[in-house]
Amino acid sequence: MTAKAIQWLDDRLGLSTLRKLADHKTVPIHSATRWYYFGGIALFLLGIQVITGTLLLFYYRPTVAEGFDSVRFLMTRVEFGWLIRSIHSWSANLLIFVAFVHMFSVVFTHAYRPPRELTWASGIVLLGLMLGFGFSGYLLPWNQISYFATKVGTDVAGSTPLVGAAIARILRGGDDVGAATLTRFFALHVMVLPMITGAFALLHILLVQKNGMSTPPWVAESSVRQIKFFPNFFLRELMVWYGALAVLGALAAIFPWELGQKADLFASAPNGIRPEWYFLAQFYTLKLIPSHVWVFEGELLGIAGFGALAAAWALLPVWGVNRAGQARVKLVSGAAVVLAVYLAVFSLLGYYK
Amino acid sequence: MRFVTIAVLLLPAALIAQTRDSCIQCHSSMDGEIQKPALLIKDDIHYANGLSCADCHGGDRTSDDPSVAMSPAKGFVGAPKRTAIPQFCARCHSDPNFMRRFKPQQRVDQFELYKTSVHGQRLAKGDENVATCIDCHSVHDIRAVKNPAAPVYPTHIPDTCGRCHADAQRMAKYGIPTDQLAQYRTSVHWADLKNGDLAAPTCASCHGNHGAKPPEVSSVAAVCGNCHVLFAQNYDKSVHAPIFSGAEGGGGCIVCHSNHGIHPPSTAMLAGPQAVCSKCHEPDTPGGKTAAEMAQWIDGLGAALNHSDAVLTQADQAGMEVSDAQEKLSDGREDLVKARLAMHLFEPEEMHKPIEAGMDVAAETLRAGQEALHEKNVRRIGLAISVFFIAVTVFAIWLLIRRLEVGGSGYIEPSSRNP
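One line per chain: the protein sequences are C and B, in this order. Here the first sequence is numbered in the working numbering, starting from 1 and rising by one per residue. Here the second sequence is numbered in the working numbering, starting from 1 and rising by one per residue.
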């Protein structure tokens with residue numbers, strides 16, 4: 001009966017093709033194999049986000065009047081509502097952290113080399129989308145901290161050269177953060193960004209399947225052992241996912257994500273207002289830049305600098321390889337160390353100062 | 001054409017002549033007391049509004065010749081006599097048409113009020129020891145009342161009044177106490193003012209400013225009731241209102257709360273060794289027992305709300321979401337205020353309703369806090385069970401991997417790969 005059902009599905013869906021693909025997929029075993037897991041963890045956390053986000057949608061109401069109270073209702077009155085919201089918030093932060101680790105592991109193992117330029121580019125887009133999810137989702141509970149952090153965040157976006165004012169206005173849906181901002185951040189968070197993320201995640205995964213797993217330049221591809229992806233590597237990945245699930249559960253149960261106070265548009269900004277940790281380095285850098293540098297406005301210069309840095313980073317496959325298509329190991333690793341140290345140090349300074 | 005040219009050339013000189021002020025120029029270059037006004041005037045509100053020495057003292061500011069600048073023919077009147085100061089200031093400050101040019105809402109009744117004050121009445125009798133305009137507002141560096149550096153800015157008023165009223169030597173001939181400032185500095189009003197609450201009462205809030213005089217016995221409750229409206233209304237309906245209206249040394253509120261040294265009220269005023277009720281009601285009399293009962297109710301509600309608050313804070317610090325219960329707790333605090341308010345009717349049954357409502361809130365919020373703490377423990381247990389099952393599953397997967405990979409199955413050696 002089961003065999004018949006599988007055959008019936010195979011005739012219609014071509015499952016045997018997938019099985020063949022899985023049978024042929026292998027993963028190289030070497031000193032950096034452990035870093036392969038981070039892409040999978042990011043995918044797992046993305047799945048958690050989709051599931052918990054959908055559950056949150058059953059109760060969340062995206063209006064200034066009801067937004068905060070609907071989240072509070074969910075956390076206090078709905079069975080396991082606190083767990084769903086806490087896991088969604090913690091998972092969002094872990095996802096961004098894991099995405100950064102994944103990105104740096106790709107850089108340090110020089111996996112951006114041809115033919116994986118598009119895999120890198122789609123990954124950078126996905127990282128940007130994750131930050132977009134973080135920024136838009138942060139406002140949705142409509143609490144005091146998120147309201148003022150969004151004011152600061154949209155102000156910073158408004159400092160972008162030439163198009164800043166238009167960007168700030170489009171993001172806010174007006175001159176200031178208000179009801180229109182909440183509804184459009186909601187639309188971005190639950191519809192626009194998920195659709196784009198779905199497309200890029202699919203492309204990213206397909207490219208990984210198409211090009212296989214990259215081997216670091218210092219490992220001779222011809223002499224490396226491989227392990228079958230399915231079931232051997234997949235089962236290991238599954239163990240890591242379970243571990244991630246345990247970590248998420250522990251964080252949600254021991255440190256439930258707090259709700260704070262309802263946003264008061266007429267209150268003065270609370271002390272020590274700062275963005276989420278993943279924007280802290282940029283935030284602190286902007287604070288350090290003088291208001292005017294030569295003839296330029298400091299903030300504008302900072303934003304332009306970040307834009308140039310992001311563009312250069314996205315173009316890593318262009319400047320990070322030589323004409324023969326080999327990685328410029330020292331240059332890229334050096335740049336990655338500088339970037340990682342900058343992000344870590346400035347994030348810590350931004351948090352503690 | 002020639003006329004226009006000359007006029008244009010002379011315009012700067014004409015402007016300089018108009019803005020120059022020989023009084024300030026000459027007095028600035030002098031020494032001692034006579035120099036002071038010229039230095040102080042830079043901080044003066046009148047000067048900031050375009051007025052200068054000659055606008056009060058008369059004379060010709062455009063002349064460098066002292067005999068012309070300070071000539072009576074030019075209207076120079078010099079410094080007014082102390083007894084004439086109020087009229088001197090009132091020349092402008094009682095003139096609505098003049099004052100409107102600077103500030104349309106500015107009051108112009110200060111002089112009229114001053115004449116009704118104890119200060120004004122004594123000054124009229126020739127007593128130069130009493131306060132005139134300049135004693136409170138200063139002279140030559142007169143600042144706007146809203147200027148924090150002004151001696152009549154709320155936070156400075158106690159010191160400004162106390163400069164005379166706390167001076168035992170100066171007050172000796174009037175036979176009035178001089179401990180008001182010291183008492184006020186122990187009061188709840190001063191504590192609030194010191195903490196930046198500019199609405200907190202100062203001397204002028206109760207005594208008036210320009211028409212300053214002690215409140216009559218009959219008007220004390222009205223004075224306190226200006227701010228404590230509902231308390232005064234309840235007190236007026238109480239059995240005590242007619243009894244204390246004629247009490248010696250002022251009646252009404254101050255019988256229990258005193259006047260200048262008003263301390264934060266507490267139930268110690270109702271019962272115990274410091275109780276003000278016990279001055280009239282012995283503890284074992286019906287009145288004393290009622291006072292003790294009311295104190296017990298208020299203390300009971302306060303303690304119950306504090307207990308709920310502590311439990312909710314504990315739950316909050318453990319990361320539990322209890323903000324709706326914490327908001328609800330503020331209703332209970334409001335009931336406590338209502339109970340204290342009802343107490344001023346001195347009818348115990350009037351206190352029942354807010355006390356009971358407050359106790360209900362305390363019980364409800366306590367329950368919410370305890371449930372949150374219980375829920376916290378349930379979560380920890382749930383987490384432990386989940387982690388246990390996850391660990392078992394991971395172990396099972398690990399065993400499965402070991403079984404699958406017996407003999408190196410699943411591994412592809414480089415030598416066995418197709419080229």
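Hints may contain errors.
Unchecked claim - As a list, the in silico EDC-like pairs of lysine to aspartate or glutamate whose alpha-carbon atoms are at most 20 Å apart:
| id | chain 1 | residue 1 | chain 2 | residue 2 |
| --- | --- | --- | --- | --- |
| 1 | C | LYS228 | B | ASP331 |
| 2 | B | LYS328 | C | ASP11 |
| 3 | B | LYS115 | B | GLU128 |
| 4 | B | LYS328 | C | ASP264 |
| 5 | C | LYS25 | B | GLU413 |
| 6 | C | LYS228 | B | GLU405 |
| 7 | C | LYS262 | B | ASP331 |
Rather than coming from a laboratory, the hints here were simulated on the basis of the structure.
Each hint, compared with the structure:
{"no.": "1", "hint": "C:LYS228 x B:ASP331", "result": "violated, 65 Å"}
{"no.": "2", "hint": "B:LYS328 x C:ASP11", "result": "violated, 63 Å"}
{"no.": "3", "hint": "B:LYS115 x B:GLU128", "result": "holds, 14 Å"}
{"no.": "4", "hint": "B:LYS328 x C:ASP264", "result": "holds, 18 Å"}
{"no.": "5", "hint": "C:LYS25 x B:GLU413", "result": "holds, 14 Å"}
{"no.": "6", "hint": "C:LYS228 x B:GLU405", "result": "holds, 11 Å"}
{"no.": "7", "hint": "C:LYS262 x B:ASP331", "result": "holds, 18 Å"}
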